[in-house]
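*Asks:* One letter stands for each residue in the lines below.
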Amino acid sequence: MSALTQTRVAAPVTFWKAFVRRPEFITLSLIVIFCVVVGIISPSFLSIKTVTDTLRASLTTGIFALGVLLVLAAGGIDVSFTAIAIFSLYATTRLTLAVYPDAPYLLMVVVGLGMGLLMGLLNGYLVYRFKVPSLIVTIGTQYLFSGFLKAFIGSRHIMDIPKGLDLAGTTALIQATTSGGARVSVSIQVLVLILAIVVTWFILNRTLMGRAVYAVGGSIPIAERLGFNVSTVILFVFGYAGLLAGLGGMLHGALNRQANPSDLVGSELNVIAAVVLGGARITGGTGTVLGTMLGVILIELLTNNLILMGVPSTWQKVVIGAIILLASAAFARRGKT
Amino acid sequence: MTEQILETKTDNENMFLKLENITKSFGGVQALRGVGFGIAPGEIYHLLGENGSGKSTLIKIVSGAQPPDSGTMMVRGKTYSKLSALESLEAGIETVYQDLSLFGNLSVEQNVAMTAQLVTNKGRLSRILDWKLLRDTASAALERVGLSSNLEFLETKVENLPIAVRQLVAIARGLATKASLVIMDEPTAALTQKEVENLLSIISSLQTDGVSVLFVSHKLDEVFRIGGNVIVIRDGLKVAEGNLKEYTQEKISFLMTGKSLEKHSYRTSSPQKEVLLELSKLSKPGAFSDVSLSLHKGEVLGITGLLDSGRNELALALFGIEPAATGDILLEQQKAVIKNPRDAIAAGIGYVPEDRLTEGLFLQKPIRENIMVSILDRLLKGNQIDFEKSTSSAADFVKDLEISTPNTMLPAQSLSGGNQQRVMVARWLAIKPKILILHGPTMGVDVGSKDALYKIVQDLAQKGLGVMIVSDDLPELLMNCDSILVMKKGRIAKVFQAANLEESVLSQELLSEAIT
Ligand SMILES: Nc1ncnc2c1ncn2[C@@H]1O[C@H](COP(=O)(O)OP(=O)(O)OP(=O)(O)O)[C@@H](O)[C@H]1O
Ligand SMILES: [Mg+2]
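Protein chains in written order, with this note's numbering: chain C, 1 to 337; chain P, 338 to 853.
Chain P on its own, in the form it takes in the complex (with noise of 0.2 angstroms):
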């Protein structure tokens, strides 16, 4: 491991919170081993590191969600060995969580402003509930993040909006009352350009009214955008800090790895002439209309677009979520029916979901089920699951993704994120597919483990595969495609050569109103 000169601050009188020698761990692994930093009012800062590094962990001790088991917190001037949820509230710290920690049982206005009235009654139950001003609360950051305040929006259920809404509604919480700190575990996962863009805007707001930010990301460019001071943590080490200015985006991604990687185009083969999967006036009334295209095998194709382009809906219609209502679908020249996963698995088609956390993963499920649940007939020997045979291919994937855990009996919320992200691409693998539909594949993935994947990708696609890349990572795209997709408002609005194309050209093209 590299060490690093560590850069310190000098004014400890003056941070908000102090962390010292934080250590945490869980059964045998070691999450943190003794990290230490402090935050400065007013002060941005990126907490950077690989997938499983321990980011989220450090993110849960100082938020209150548990406990570390040595180290201090300094926060305002008083030290702390723990912080209970309500007393980091308290302080001022709010936490948007990497898991969103929202209730999909209650209406998008309670799971924003509820808290705020917790905190300020001192978390006493008897309290009376102020309606009217939760009320308020919610609207005022509900607007703040994009969102409508219409009352229809206010009263409905979480669990009834998709990813990405649930998202904004997570930060709307964190923004709703006056804090001194927001944290936030990869906000930006799950969004498109134009929230994220919003998102910039409200945090160097937040800095502007003198509230300190801690910030998860995976994706460097919006870091270096933002600018402030960064955090490098690898295996729960601290192993850098200090000013982003001094730094390149080459040289966190070495300090985060210990690799050096650069950004290029991974793409190694080009498409073969037989169409795999033929798209002809596919329309489904309120989500896409007239979609036609056709994808090839050994080709990857990418789709982009914003929140309500469609290309979520028409990902969700292929795989048979939620079928396409007229149009064609032909696989191999031969007219398809997909109404359903099943049918979609059936023909060759493999999806990994958007949404890991409700779309796919079982959480307390272990990792080797979790891989190989699509494949369960495969398994079989005589008329019993061959645990041996599954156990095995699942820890071959788990060494091709470099799925970071000590053994696969473990269920699937031990692993970090990102890790989690591994195995859905990892279950989807294992149905040997014709066709991948990759929706948001490196969704909360490190740099180092992006690399793997689009490896994995690409070697699929030398191999005759289609694939499929729904994303909202422009690099992504721009690295991994033969060409591009934009969609708007339901209709495919442009088709790009990802060759020589420039980022900045398919980001205009995506902000821009006009359908041309």
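Pulled out of the complex, with its shape left as it was, chain C reads as follows (with noise of 0.2 angstroms):
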């Protein structure tokens, strides 16, 4: 330890030498072996058609993971997104279809965002101001957003969807039919993904805000006292993940064609375990958005797969359970060195 007092000649680091020091690196391996084992099982695994439905898959899940990747960057935990999430979907499209049937999707998204980023705004404040720990603010307003929809909104399954919403969760992006005769199509909505990729990549790491999640997710009073507004910090990860869970809920209503008000809820710990997946820890002030769609490849592999290996459904949560624990343990260790 004490050699890294002395100047030592630097070896050149390639990015690969540096990478296989990353808990990423971790992620992709399990991505890798898990790809090759199903493979040799079931060579018919390794085909356009596995790559564009665990895609598919991937799509909410990693809209709700960029915003769980920052609430626990920065120390918190939120369980509450998918309730958000619904009560986007479902309230946009019920005032949709009763003052405007036709409005385009675009519009609907921008609504849906917006309660997306009220309720997370809410939840921050709450974490903020009474000083209660994030898991207990957001169990509380899981129930309080979920019970409130189906006691004020609506509790009825809505197939009928507005055009928009019908159209964007139908058009492809890409189009292809392989020459097994099956036909493969990517989504319009894989953009939104990108998209969503692109800006909280750039938020995490270019800008003070991206240090401040860090530092705040390190230590509230180290961060208050070099100079950081902690509170800010708190609102903006908040408000960021009701965001993204607004989004990610008009997604899947796009994508499933349909808005049931008790989708979703129930389906947090699946999303949080992609984000540790990854490699962000679950103390806080770690984690980055490579690590986390690697995560999220890695959790819907194992959740649309197994069944292919053999794996009955009723061992399936056993398995995944076990590849998470390994997974974690492997962390540990690389902590420490």
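It should be emphasised that the hints constitute simulated quantities derived from the structure, not laboratory data.
Fair warning: there could be bad hints in the mix.
To be verified - Pulled a few chain C residues facing chain P out of the computed Cβ check, cut under 7 angstroms:
(1) A151
(2) G154
(3) R206
(4) L208
(5) A212
(6) Y214
(7) R225
(8) T286
Said to hold, decoys possible - Here are the in silico distance ranges between beta carbons for each label pair:
(9) C:T54 x P:F363: 49 to 59 angstroms
(10) P:F363 x C:L325: 40 to 50 angstroms
(11) P:D546 x C:I33: 54 to 64 angstroms
(12) C:I194 x P:A377: 27 to 37 angstroms
As the list claims (entries may be wrong) - Some chain C residues well away from chain P (every beta-carbon gap over 12 angstroms; in silico):
(13) I33
(14) Y105
(15) I197
(16) M209
(17) L226
(18) F228
(19) G321
Where a beta carbon is used, it is the ideal one built from N, C-alpha and C, also for glycine.
Starting from two chains that each stand alone, build the complex the way the hints lay out.
*Replies:* Here's what the structure looks like:
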């Protein structure tokens, strides 16, 4: 350790060498190992269709995960985002059907985002103002948002969604027929995920807010005494997570072509697990966009393809749980060196 | 309390910072009772006082980390009743905190240079971060404190650094921008000779550049070498102020403590025949090699060396935190295996760590629990912990070690730095060890409590304990030990008998490169 104090002749550290030492490398390795194993057991897995299916499954999870990443990096946790998402989707859909059934998709998204943002800011305000742990606050608001939704806005499952939403879900960015004759397509919604990735990456890595998020996740009292405005940071991360939850909700509605008020809530852990599998510590202060996306891909591969390996569905949860534990152990070992 | 005639500077207008009548209390504890002083540009000030006298509290008020209860602060002629952290930084006040206040989860370069950009952008978080500037600023500051500026080090997370390197990183942050006042709260407590020398030259170059320095240290030798002005506080009141030239070390100790303390050897007994601990060719690659030594009953053995000498690693190996790879450890002639701290405790080895904040203290937990945690099994009554016994023995330690607190149920973080260190010592005395390893035992402890602590150590030696003191504080080793080992590059380079040894001889041996 003391060698650190001496100037050493720096060996040229290639990108790859540096990457191998990062937690994301573990996630990537797990993805590769999984693909190889499933590929051997069931060669049909290695196809374009798997890629497009995984991508499609990753769209909403990915958007949610980016919001969760920011909250985790700032040392908090958010379990209300699914409730925010379904609230935004359902309330926007009802509103559109009632007042402007022909509303374009973009307008609906803006309304959904606005609702998500407001709910996220409420989370942030409660966490900062009352110094209550964010887990407690967001458990509370999860009940609040989904309860409010069902009690006051509606509990009916809406199948005939507004045209704008329907169109956004069915429009393909790329469409093709594989040599095997299977039709594959990539939804236009991929662009939304890419945009969210770019914006989140930019905030985390190019702005002072990004550093402030990690600083607050490291230690709130230290961040305060170094001049960071901690309340702004907390409001921001929860607001941003709410915004992305609203966006994810609209995406979910478009892709599934329905608005069901009982959807999504209950699947928070899946998203949080993805972020943690991507190398973010649950205790805060770490996590990257790249890792998070790899974590999402890993989780989606696991949940959608274990069946191909002949794992009975009752056992799938066991396998996923074991892999999460394995990865966490690997992160913890790495953390020490 | 002795009343001192206070000297006040006349040229108030030219002061960079002027504090008046600052008070602050925490619950029932009155930490500051109306302190005021001025800081002129390009001047050095030493803020001296016993543990718990209010130094860090005063510093945190100036740096904007906490507001005062009353009083005013004038910065460059502008009056404030409290400063925010950002206002203080913007005014050019850089603070190196006693607890370092580093982000363990962030890289060295970010810790050093991130705040600089926050301040130039006036705290606006929407601004773009300039990574190149960040790296340049960090590299320059790190080189100034003698650390490496290679990429690998810049990107190392601070949580993976040893305490001394962290201290240097914290100092580098204080130097990263062009400040008007640099405050350093016990920056040398965790540093060895070499880094201290470098820091002293940094301080004089700051002064040359017209930067004021407010410096806190319990090592009076250092204070007098730096020179400048002195402000002594006691129980939250200023008791003296003036140029150091008008004071002696003895006089300052007296002002701080109200007791007259002289430097003298504390050694009261001499080692007995029986060997308690013997190391034979103990090695750990990359840390230390071929370390052989023996510790007798009643002996006090000193170990010193620079940062890379392997002395810290040796201490950690003996307590099983980072076990040695090869070689033998014999405890009372029996071969012992020490693979973890549990083995060490079972073998009767107590260890007071160097870095109390990360290696030992449970800051949120009561003082009582912090003292009693390692002997919980001995406090059992049936299968419940005997809280009465626990409270009363904790209270005994608090009294013996003069830990200043109204109540042992308060959390450890409510104690001043020096008092936290005494809690750590108390914890290991509680296990009634045969061998006690003290790693920097008086790091951040004031002269009065050093005196108390040394007496305790000698008392323990007299009762037959073997004591090992790993320390950078040379006077401490000279006053307490039978012999002193100097380690270099992982080996024992020289063994001195402490009696009649001159400090200058020891310090020269430390700084000379060659292994003799
Ligand atoms: N957050 C707090 N809560 C309660 N008491 C506190 C707190 N901070 C400081 N104190 C008390 O205020 C007094 C002054 O503490 P301070 O840390 O300023 O002392 P110090 O002079 O820096 O001592 P040291 O040399 O040991 O670092 C102490 O009695 C301490 O216990
Ligand atoms: Mg202090």
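*Asks:* Each hint needs a verdict: does it hold in this structure or not?
*Replies:* The hints, checked one at a time:
{"no.": "1", "hint": "A151", "in the structure": "violated, 38 angstroms"}
{"no.": "2", "hint": "G154", "in the structure": "violated, 38 angstroms"}
{"no.": "3", "hint": "R206", "in the structure": "holds, 6 angstroms"}
{"no.": "4", "hint": "L208", "in the structure": "holds, 5 angstroms"}
{"no.": "5", "hint": "A212", "in the structure": "holds, 5 angstroms"}
{"no.": "6", "hint": "Y214", "in the structure": "holds, 6 angstroms"}
{"no.": "7", "hint": "R225", "in the structure": "holds, 4 angstroms"}
{"no.": "8", "hint": "T286", "in the structure": "holds, 6 angstroms"}
{"no.": "9", "hint": "C:T54 x P:F363: 49 to 59 angstroms", "in the structure": "holds, 56 angstroms"}
{"no.": "10", "hint": "P:F363 x C:L325: 40 to 50 angstroms", "in the structure": "holds, 43 angstroms"}
{"no.": "11", "hint": "P:D546 x C:I33: 54 to 64 angstroms", "in the structure": "holds, 57 angstroms"}
{"no.": "12", "hint": "C:I194 x P:A377: 27 to 37 angstroms", "in the structure": "violated, 58 angstroms"}
{"no.": "13", "hint": "I33", "in the structure": "holds, 27 angstroms"}
{"no.": "14", "hint": "Y105", "in the structure": "holds, 29 angstroms"}
{"no.": "15", "hint": "I197", "in the structure": "holds, 19 angstroms"}
{"no.": "16", "hint": "M209", "in the structure": "violated, 4 angstroms"}
{"no.": "17", "hint": "L226", "in the structure": "violated, 5 angstroms"}
{"no.": "18", "hint": "F228", "in the structure": "violated, 7 angstroms"}
{"no.": "19", "hint": "G321", "in the structure": "holds, 27 angstroms"}
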